[in-house]
Amino acid sequence: MWYSHYHQFVCAAISWIEYPLTLPGKLWAIFDILSILCLLSLLYKADMISLQVASFCKIKQRKITALKRDRQYLRFLISVHSQLNLNTSLSDNFHRVFFRLNQFIPFGEVRITLYHPPRKYHFEYPRCPFDINLPRIQKWDLYDRHTFHGMIQIKINQTQILSSYERDLIQSVTDALAKHLSLKNTVHQQIQQGLINERENISRELHDTVAQSFLFLKIQINSLHVRHDKFSRQALIALRIIKEELTLASQQLREMLATLRAEKNHYDLYESLQSLIKEFNHRLGFQIEFYYRLTHQIMPIGHRRHLAQIIREALNNCYKHADASWISIRIYPISKNIITVISDNGRGIHQEQIKTQFGLAIMRERVTLISGQMKIKKRKQGGTEIEIQFSLQDEQRNIEK
Numbered sequence: 001m002w003y004s005h006y007h008q009f010v011c012a013a014i015s016w017i018e019y020p021l022t023l024p025g026k027l028w029a030i031f032d033i034l035s036i037l038c039l040l041s042l043l044y045k046a047d048m049i050s051l052q053v054a055s056f057c058k059i060k061q062r063k064i065t066a067l068k069r070d071r072q073y074l075r076f077l078i079s080v081h082s083q084l085n086l087n088t089s090l091s092d093n094f095h096r097v098f099f100r101l102n103q104f105i106p107f108g109e110v111r112i113t114l115y116h117p118p119r120k121y122h123f124e125y126p127r128c129p130f131d132i133n134l135p136r137i138q139k140w141d142l143y144d145r146h147t148f149h150g151m152i153q154i155k156i157n158q159t160q161i162l163s164s165y166e167r168d169l170i171q172s173v174t175d176a177l178a179k180h181l182s183l184k185n186t187v188h189q190q191i192q193q194g195l196i197n198e199r200e201n202i203s204r205e206l207h208d209t210v211a212q213s214f215l216f217l218k219i220q221i222n223s224l225h226v227r228h229d230k231f232s233r234q235a236l237i238a239l240r241i242i243k244e245e246l247t248l249a250s251q252q253l254r255e256m257l258a259t260l261r262a263e264k265n266h267y268d269l270y271e272s273l274q275s276l277i278k279e280f281n282h283r284l285g286f287q288i289e290f291y292y293r294l295t296h297q298i299m300p301i302g303h304r305r306h307l308a309q310i311i312r313e314a315l316n317n318c319y320k321h322a323d324a325s326w327i328s329i330r331i332y333p334i335s336k337n338i339i340t341v342i343s344d345n346g347r348g349i350h351q352e353q354i355k356t357q358f359g360l361a362i363m364r365e366r367v368t369l370i371s372g373q374m375k376i377k378k379r380k381q382g383g384t385e386i387e388i389q390f391s392l393q394d395e396q397r398n399i400e401k
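The opening residue of the sequence shown carries number 1 in full-length UniProt numbering; numbering runs sequentially from there.
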């Protein structure tokens, strides 16, 4: 509007210059020009104020949008911490956290690699369509208190550029996950240290009580053997059997004490079984066939110890009752399961013995402790076959919780 007044002002100025005016006309022209100048100045200021108001409205709208976004991000981060505090597995926690994050930031895949213990997780989200040949991978470290727990890889569209807010949000999620892992590791270490201390106490008590009693009994039996002329043949045989059983019990107690004193992460199943088989090779008088096919499978420490004791009990039963000349032990994985098969060519076992034999009851109890199954059957070639099967998948969920 002020442009038209500007035109009038220019015309009036030209007419004043080109045509001679009377004094009243000149005064009127000057007044008209001054009025137009004032009006133009007011219009210019009004336009500037209007522009400032429009700019302020835009800034206000941006601030409101940013505040809404920050509120959504804050609610999301609160939900992340709430999710991590639930007693669910790491896999479920990771999936739910990144599923919610995908509502704010579209991405196609998430790969999480943990270092201690080594684990990998992979999640796909179809909300982010992109050319499969043009993915771009962004990486974040799971880092907390000078400790690298692992790495997160997020696959996004090749043309997608993350804003600073989006990168900060992902970093906040990463920090929360790293702190959660650090807390779980700390609690786990405290629990394991408590178990180690308790095992040491039990070991010390066993050494000071049961071991000393075994030693006293061995001394008494040896003193009875010195006076063998005063006993009948049947009594001497009974003494010899008692001495053998006492020696075996003492040896098992020593092994138990060594196991209790061992550090948790230093228990190697393969080395333990090799030592066990070497012991029974000497006692049986022949070589036990041993097939061990476990490679990358992560078996909990409790499962390793229970499995070693189950195999020991099975070999002890073979030594006492089977009268076998051939024994085979096979340990191998099938999918998420661990299979252990112990076979011999001995006398075999009767159905009523399966239910009543004390050694088998001990084995069955240990199999139950690892949530496994045990099958006992006669071999077609003669002898007995024991198959033990348990799943690592269920136990892995328990470890992750």
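Simulated from the structure, these hints should not be mistaken for laboratory data.
There's no promise every hint is true.
Claimed, not checked - Label-pair ranges, simulated between beta-carbon atoms:
(1) Val53 - Ser182: 23 to 31 Å
(2) Gly194 - Phe148: 20 to 28 Å
(3) Lys45 - Gln103: 45 to 53 Å
(4) Ile33 - Phe56: 28 to 36 Å
(5) Tyr292 - Gln353: 24 to 32 Å
(6) Gln274 - Ile242: 50 to 58 Å
Heads up, the beta-carbon is just placed ideally off N, CA and C, and yes, glycines get one too.
Each hint tested on the structure:
1. Range check, valine 53 to serine 182: Cβ separation about 51 Å, and the 23 to 31 Å hint is violated.
2. The hinted window of 20 to 28 Å between glycine 194 and phenylalanine 148 holds, with their beta carbons roughly 26 Å apart.
3. At roughly 47 Å, the beta carbons of lysine 45 and glutamine 103 sit within the given window of 45 to 53 Å.
4. Separation of isoleucine 33 from phenylalanine 56 is about 34 Å and conforms to the stated range, judged on CB atoms against 28 to 36 Å.
5. For tyrosine 292 and glutamine 353, the Cβ-Cβ distance of about 29 Å falls inside the hinted range of 24 to 32 Å, so the restraint holds.
6. Checked against the hint of 50 to 58 Å, the pair glutamine 274 and isoleucine 242 fails, with Cβ atoms roughly 30 Å apart.
Hints 1 and 6, counting from the list given before, are not met by this structure.
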